[in-house]
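Using the sequences provided together with the hints, build the complete structure.
Those sequence lines, one after another, are chains Y and L.
When the letters of the first sequence are read in order and numbered with numbering that gives the first Met the number 0, they come out as residues 0 to 824.
When the letters of the second sequence are read in order and numbered with numbering that gives the first Met the number 0, they come out as residues 0 to 206.
Just so you know, these hints were derived from the structure itself, not from any lab.
Even glycine gets a Cβ: it sits at the ideal position worked out from N, Cα and C.
Hints may be right or wrong, so weigh each one.
Subject to a maximum C-alpha distance of 35 Å in a straight line, what follows is the list of computed DSBU-like cross-link-like pairs (lysine-lysine) [said to hold, decoys possible]:
1) Y/Lys754 to L/Lys53
2) Y/Lys414 to L/Lys53
3) Y/Lys365 to L/Lys53
4) Y/Lys156 to Y/Lys282
5) Y/Lys306 to L/Lys134
Simulated restraints on C-beta separations [as the list claims (entries may be wrong)]:
6) Y/His766 to L/Asn55: 35 to 45 Å
7) Y/Ser759 to L/Thr173: 26 to 36 Å
8) L/Asn55 to Y/Thr388: 51 to 61 Å
9) L/Thr173 to Y/Asn661: 42 to 52 Å
10) Y/Gly530 to L/Asn144: 51 to 61 Å
11) Y/Asn748 to L/Asn144: 32 to 42 Å
12) Y/Asn425 to L/Thr173: 43 to 53 Å
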Amino acid sequence: MLKEILLHIISNLKSQKYLMNKSYSVSKTAASLSILAAGFCYCQKCDLQFEGQILDLHDDSPISLAVVRVLDNDQTAFTDYNGFFKLKNQCSGKINLKISHLNCEDLYQELNLNKSVFKKFYLEHHIESLNEVIVEESKIKELSSTAHNYLLSGLQKDRYSGSGLAKALEQISGVNILTTGNVISKPMIHGMFGSRVGIIYDGVQIENQQWGQDHAPNIDQNAFEEILLVKGAGVLKYSGDTPGGVIVLENKLPKINDSLYGKSILSGISNGRGLNIVSSWTKSYSNGNYFKAQAMIKRIGDFSAPKYILSNSGTNENNISLSFGKNKILRQWKTNFSYFSQEIGILRSSHIGNVNDLVYAIDLAKPTIIKPFDHQIDLPKQVNKHYTTGIQYSKRYKSNGKLNAKYSWQRNNRKEYDVRRGELKNKPAIDITLNTHDLLSNYQWEKSNWSLDSGVFFQIQDNYSNPDTGTRRLIPDYLKTELGTYFTAGLTPSNNFSLGFGFRFSHQNNHTKKYYKNKRWNEGNYQDKLGAFVINEVLNQKLVEQRLIFNNLSINTGVKFALSNRLNLSLNLFHTERAPDIAEMFSDGLHHSLATIEYGNPFLRSETTQKFLVNFEKEIGNFTYNISPYLTNGQNYIIIEPTGIEYTIRGSFPVWEYRAVNSTIRGVDLDFSFSLNNSIKLRNSSSWIEGFERTSKAPLINIPPFTSTNFIQFSIPKFKSFFMIVSNKITLNQNQFPNHNFETSVVENGVRLNKLVDISTPPRSYHLFGAELHWGPYPFFSDKVSLSLIFENIFNSSYRNYLNRLRYYADEQGRNMMLQIKISH
Amino acid sequence: MFKNLHTKPITALFLFILIFACSKDEDPVPANEEEVITLVTLEVSKVGSSEIIKYNFEVEGHDHDDHEEEKDDDHDGEHTEIELEANSSYNVSMFIYNDTDPNNIENITLEVIEEKDEHQIFYAITDELSGFSIKSASDDTLDSNGNPLFNKTTWTTTGETSGDVVGYLIHEPTSKTGNTRTDFGGATDFEIEFEVHVKRNFTSHYK
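Here's what the structure looks like:
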């Protein structure tokens, strides 16, 4: 009680600052004292004093002449010039308030009064001018005014909540996944992956050693409400060096009211006997503050192919993300933190010693090591951790301009454990830590028929390879600094025509320090070109310090026409310049799964691509189709290919080196959908692509074969809470592949044989069938519950996937059944 | 009030960046290759004789500057010939080293013997080498199931012949016994070809 009084007195003293009338405050203190006396009585008191202040939600300015009315007893008070009001002689218990003002929407609020209080209320002021803003914010954000934007539906997002980002995106035509085993998967857009595909979270590109084929993006897509995709170059606001496309993960701003809501998804997975739990919660307040928390836990054991267990293919994942912000409509700020932690088992049989082991694995046609199922993750494995934190601020001006500023820090640590000998057993063979700081600021200016966006960005990236691994560094230590600017403009002169243009310039400075082995140094004739940069020599190695500078300019331009009511045509031209990434220039090491030695090429220059993309969209009654052909020409297009054999004491190894070629990639994506009647919908997504070197016409490696997916969706008009999808995916044989086969000499049963190492021939075509049954939502106490039962590879077919790096060792996973319970709180 | 709230963290962040931005000044430490095998030695002695002949097989990672003139020969060491006398028995011991750092040569044989259950040495004899056999020696290392590791072997010759013996060190073999390399599974830690010549009138080091 004493504390209460003290607080009250303090608040009185505070209000003295604002109030001119001193006697008022004296009487208030007296009132407080009377409460002290009354406080010992437990009967209903009707001598409470209810005070408050009414403020504008957007700028905290006081609102004068607002009416505060207690609906229970019809008492009213007006706010003064400083927005203060006072209601005397209130009874304890619940009261209902109505706060109104000429220019504001009425605010109704229930309040439990048991002592004299002082409370702040926020009103929506100047609604008129805001309407426009609110409408603009709530519509789906278009990443590009002329290129086609794909938004993953809520259903698809939830369905793939436990499968990783790449699998969720694979549903879109033209998107494939490049995998290493069952868990590690990277999105591939129009035949490009890794550094050529940007993954943007909260406006910043994720930096997690995305160069490697076996490096999956370290991000939990469940922390984001919207997943958008632009195929082909895309969004200069976020990146200028991603000719493949851009994936954007974003969160919507919570509504400004007092509420708590959330969603939890529980998935039980039969193949791998796994469990995946995702839960996210948002608490928002009427003053615009909000708090979001999200977490995910995943435990999956060894996956199974139809005929055997894929030993050591399980995964564990623990993620958490928190954000806190204030949404004032005209001004917003947000700070966030996230932690991503993942442990991935790598198929035990894929860890081989030399090429002859590879030959044996290919001949055997099943994994060499098959153990009983378990949840244990043994060697080899990857342990990845990704931390992000950042703060952002945006402000909207009366001129319809919006200023955004953001700082973000990402820290990625990747540890790869091999099967090793002796004391090295539990030491990672690769231990790299990547720290990236981004500072961005942009200004958007929007009017009804045009929009401009211009910004500057600055990035510092520091890579550190831990030397205690007992192996040579795969990637050298480097410090990358990038500074740049972009400008994009969209013009919509009429409803059926829009025009877009943009450029992005970046200046990149790579400061690297790399040890070259003398052997490699001599073989590559590096002395002439790099001899001047040697700063130290130790133990048959030369330390070379280089500063590599790249200036890149990327330009996009596009138009979109509505040829008729139901027919849209868009044409986009992207010119993209990409600096070779550190791995392409400097990687140096042995890849155990392919038994290849990989060397970077320190003399690479920026890669340039021109992409022409057409999108043709038509709706005829209940039939819609979307045809999107594209053509990409690359100069200095960086590829990796075998250049020879290196003989080591371990045996022979093919050497793969990076090289720049002129390339052409072309293809077409098709999407059809047709509603047969109210209960049956048909859908098809297909994509065809080919890629080759322009001079030699040799096909490019890892270009996806033709795929076509059919969906039939059934629903029963009587039962609104149930529908079912049956799907069938056809993946044809890839006939266009570069022949990198070679011969190796083996001794089998005393006979020396020359054996062909067939690492090039793609696997046979396959059909996969799946089914999804969805029930709900059903009310469950105050929540809503939905149930889904999902079958993948329903006929348990054995197949291998051309885009799986471990395809030489084992079949893909067999039948999987997943039960999903989704609760909306 | 709102403005003040934001200028402070932003200033703090700039300071933060400045601190982080200047951290790449010292040179990276050279990473030592602790795991690689760079040298395999066969110590051969005729039964009854005390003389030991050492044959060194070294390939990768082996660009000591004094070997510079041999840099074009990738097969360096691969065809070192082992000369044996007909109708004789030899004790052959295998030693495995990492001599990347000449001042700190690591004897990996000890590690392999310690992890005998997870390793296997296998000699594949090509058919050209007729009448030639390799057996586990009496002082060979046995694993916990009594399977010989084959680091100490007895090589027996009969008539004149020549051909290849391929020596393998296999890590985590799926089987500890077998007749050909693929019977063992596992990952190959090294694979070396020894060219063996068995001669009748022997006038070399063995007396």
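Structure-based check of all given hints:
| no. | hint | in the structure |
| --- | --- | --- |
| 1 | Y/Lys754 to L/Lys53 | 32 Å, holds |
| 2 | Y/Lys414 to L/Lys53 | 40 Å, violated |
| 3 | Y/Lys365 to L/Lys53 | 41 Å, violated |
| 4 | Y/Lys156 to Y/Lys282 | 22 Å, holds |
| 5 | Y/Lys306 to L/Lys134 | 39 Å, violated |
| 6 | Y/His766 to L/Asn55: 35 to 45 Å | 56 Å, violated |
| 7 | Y/Ser759 to L/Thr173: 26 to 36 Å | 27 Å, holds |
| 8 | L/Asn55 to Y/Thr388: 51 to 61 Å | 55 Å, holds |
| 9 | L/Thr173 to Y/Asn661: 42 to 52 Å | 46 Å, holds |
| 10 | Y/Gly530 to L/Asn144: 51 to 61 Å | 55 Å, holds |
| 11 | Y/Asn748 to L/Asn144: 32 to 42 Å | 24 Å, violated |
| 12 | Y/Asn425 to L/Thr173: 43 to 53 Å | 22 Å, violated |
Violated hints for the displayed structure, listed by number in ascending order: 2, 3, 5, 6, 11 and 12.
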